[in-house]
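J.: Sequence:
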Amino acid sequence: MFKLFKNKSKEKEKIIIGIHGLGNKPPEDLLREWWFASLKEGLAKVTKENIEFNFELVYWADVTYSKPLDPTETDETSEYFLDERYLPESENTKEEEKTIKQNMVQYFKDQLNQLIFNEKLHFHYPAVTDFVISHFFKDLAVYFTENCASEGLENCLIREVIKEKLLRTIEKHKDKEILLIAHSMGTIVAYDVLSSIENEPSVEILVTCASPLGVPFIYNKIKHEQGISEKAFTPNSIKKDWFNLADLNDKIAVNFELDSLFLPNKNGVKPEPLEVVNTYEFNGIKNPHKSYGYLRTPEMAGIIVDFLTQPVKQRAVKGFLQRVKEKMKIFGKGKNE
Numbered sequence: 211m212f213k214l215f216k217n218k219s220k221e222k223e224k225i226i227i228g229i230h231g232l233g234n235k236p237p238e239d240l241l242r243e244w245w246f247a248s249l250k251e252g253l254a255k256v257t258k259e260n261i262e263f264n265f266e267l268v269y270w271a272d273v274t275y276s277k278p279l280d281p282t283e284t285d286e287t288s289e290y291f292l293d294e295r296y297l298p299e300s301e302n303t304k305e306e307e308k309t310i311k312q313n314m315v316q317y318f319k320d321q322l323n324q325l326i327f328n329e330k331l332h333f334h335y336p337a338v339t340d341f342v343i344s345h346f347f348k349d350l351a352v353y354f355t356e357n358c359a360s361e362g363l364e365n366c367l368i369r370e371v372i373k374e375k376l377l378r379t380i381e382k383h384k385d386k387e388i389l390l391i392a393h394s395m396g397t398i399v400a401y402d403v404l405s406s407i408e409n410e411p412s413v414e415i416l417v418t419c420a421s422p423l424g425v426p427f428i429y430n431k432i433k434h435e436q437g438i439s440e441k442a443f444t445p446n447s448i449k450k451d452w453f454n455l456a457d458l459n460d461k462i463a464v465n466f467e468l469d470s471l472f473l474p475n476k477n478g479v480k481p482e483p484l485e486v487v488n489t490y491e492f493n494g495i496k497n498p499h500k501s502y503g504y505l506r507t508p509e510m511a512g513i514i515v516d517f518l519t520q521p522v523k524q525r526a527v528k529g530f531l532q533r534v535k536e537k538m539k540i541f542g543k544g545k546n547e
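Quick note: the sequence shown, position 20, residue 230 per the numbering used here, numbers continuous.
The reader is advised that the hints may include incorrect statements.
Claimed, not checked - Think about it this way: if two alpha-carbon atoms lie no more than 27 Å apart in a straight line, the pair counts; the simulated DSSO-like pairs of lysine-lysine are:
#1 Lys224 to Lys450
#2 Lys480 to Lys441
#3 Lys382 to Lys449
#4 Lys382 to Lys476
#5 Lys255 to Lys277
#6 Lys480 to Lys433
#7 Lys449 to Lys384
#8 Lys450 to Lys375
#9 Lys461 to Lys480
#10 Lys449 to Lys386
#11 Lys382 to Lys450
#12 Lys449 to Lys431
#13 Lys373 to Lys480
#14 Lys450 to Lys373
#15 Lys476 to Lys224
#16 Lys375 to Lys224
#17 Lys449 to Lys224
#18 Lys450 to Lys476
#19 Lys461 to Lys433
#20 Lys496 to Lys431
#21 Lys480 to Lys382
#22 Lys449 to Lys258
#23 Lys255 to Lys450
#24 Lys375 to Lys449
#25 Lys222 to Lys433
#26 Lys277 to Lys258
#27 Lys224 to Lys480
#28 Lys431 to Lys222
#29 Lys255 to Lys496
#30 Lys386 to Lys375
#31 Lys375 to Lys480
#32 Lys373 to Lys449
#33 Lys480 to Lys222
#34 Lys431 to Lys373
#35 Lys386 to Lys258
#36 Lys222 to Lys449
#37 Lys476 to Lys433
#38 Lys441 to Lys431
Quick caveat, the hints were computed from the structure, so don't treat them as lab data.
Please construct the entire structure, taking both the sequences and the accompanying hints into account.
T.: Right, here's the structure in full:
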């Protein structure tokens, strides 16, 4: 755990907990280092690079994969080749024209998206949901069907194993104020865990980014498990805010206006959508879904600064985010320029 911030006031100590998304990952220590670097990079964008904080990453790739991606692997055909590493935004300067092959790949991706994100199709034909999950989202299939995928975990319920990792971390820090950041499939795990807690332990703020919670086949599964036909519930264990960050070019997060899908909890909390720009790219290839790009957005930085520096009752996240956006536009970095 990165432990760099010690609250000297009478307020509770604060911690940021992260949980990664689907797919195999680099070794735990390296992924934690890259998440932390991404958060610090975002803080530097809003001139808060010197602010310190506690950070812990919930790593669960070792539950679904027996071996992590290898940063020293040079064979690009190896299943352990690490093709997307963390790089500061300033180092992503290489531009490449799309080849015919890349254009063909994009075409097939667009056709696939019509299958994956077709709400009416999933509503009227539930079998399509199971087909999409099992064929295109391996980790989701493993998670939802409770079948273990890695060696040495026979007869385990993989969903419970992953949830236990996050729950155990939240319980460990139950005496602190918690900001929980979840990326991609990690948002499903976070929602599952927080929904299983009625009151305590709780989190002050949940930040979901690149979340598939609004994707029809995921959302319908949530409602089915809750035994409802209308809107799903916001977990009562979220005390103050739930922010949902999404880049509109991120297909997984395309249904990002979760406030229209989830009812407020007993604290009056429901998702607040925030449109962001994910600048991640590696070797000239952009990936608007990548965690590092989300973690360094000024919107994420604004939430973090507000969480760390303001007493809970005096927080003004919306105002801070607005000031951040205005400042970024002044410096020519606004997304609408």
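J.: With reference to the structure, classify each hint as holding or not holding.
T.: Evaluated hints:
| no. | hint | result |
| --- | --- | --- |
| 1 | Lys224 to Lys450 | holds, 14 Å |
| 2 | Lys480 to Lys441 | holds, 12 Å |
| 3 | Lys382 to Lys449 | holds, 18 Å |
| 4 | Lys382 to Lys476 | holds, 24 Å |
| 5 | Lys255 to Lys277 | violated, 35 Å |
| 6 | Lys480 to Lys433 | holds, 16 Å |
| 7 | Lys449 to Lys384 | holds, 13 Å |
| 8 | Lys450 to Lys375 | holds, 23 Å |
| 9 | Lys461 to Lys480 | holds, 22 Å |
| 10 | Lys449 to Lys386 | holds, 13 Å |
| 11 | Lys382 to Lys450 | holds, 20 Å |
| 12 | Lys449 to Lys431 | holds, 25 Å |
| 13 | Lys373 to Lys480 | holds, 22 Å |
| 14 | Lys450 to Lys373 | holds, 22 Å |
| 15 | Lys476 to Lys224 | holds, 23 Å |
| 16 | Lys375 to Lys224 | holds, 20 Å |
| 17 | Lys449 to Lys224 | holds, 14 Å |
| 18 | Lys450 to Lys476 | holds, 11 Å |
| 19 | Lys461 to Lys433 | holds, 22 Å |
| 20 | Lys496 to Lys431 | violated, 31 Å |
| 21 | Lys480 to Lys382 | holds, 25 Å |
| 22 | Lys449 to Lys258 | holds, 25 Å |
| 23 | Lys255 to Lys450 | holds, 25 Å |
| 24 | Lys375 to Lys449 | holds, 21 Å |
| 25 | Lys222 to Lys433 | violated, 35 Å |
| 26 | Lys277 to Lys258 | violated, 37 Å |
| 27 | Lys224 to Lys480 | holds, 22 Å |
| 28 | Lys431 to Lys222 | violated, 36 Å |
| 29 | Lys255 to Lys496 | holds, 20 Å |
| 30 | Lys386 to Lys375 | holds, 18 Å |
| 31 | Lys375 to Lys480 | holds, 25 Å |
| 32 | Lys373 to Lys449 | holds, 20 Å |
| 33 | Lys480 to Lys222 | holds, 24 Å |
| 34 | Lys431 to Lys373 | holds, 17 Å |
| 35 | Lys386 to Lys258 | holds, 22 Å |
| 36 | Lys222 to Lys449 | holds, 15 Å |
| 37 | Lys476 to Lys433 | holds, 18 Å |
| 38 | Lys441 to Lys431 | holds, 12 Å |
In the structure shown, a violation is registered for the earlier hints numbered 5, 20, 25, 26, 28, in ascending order.
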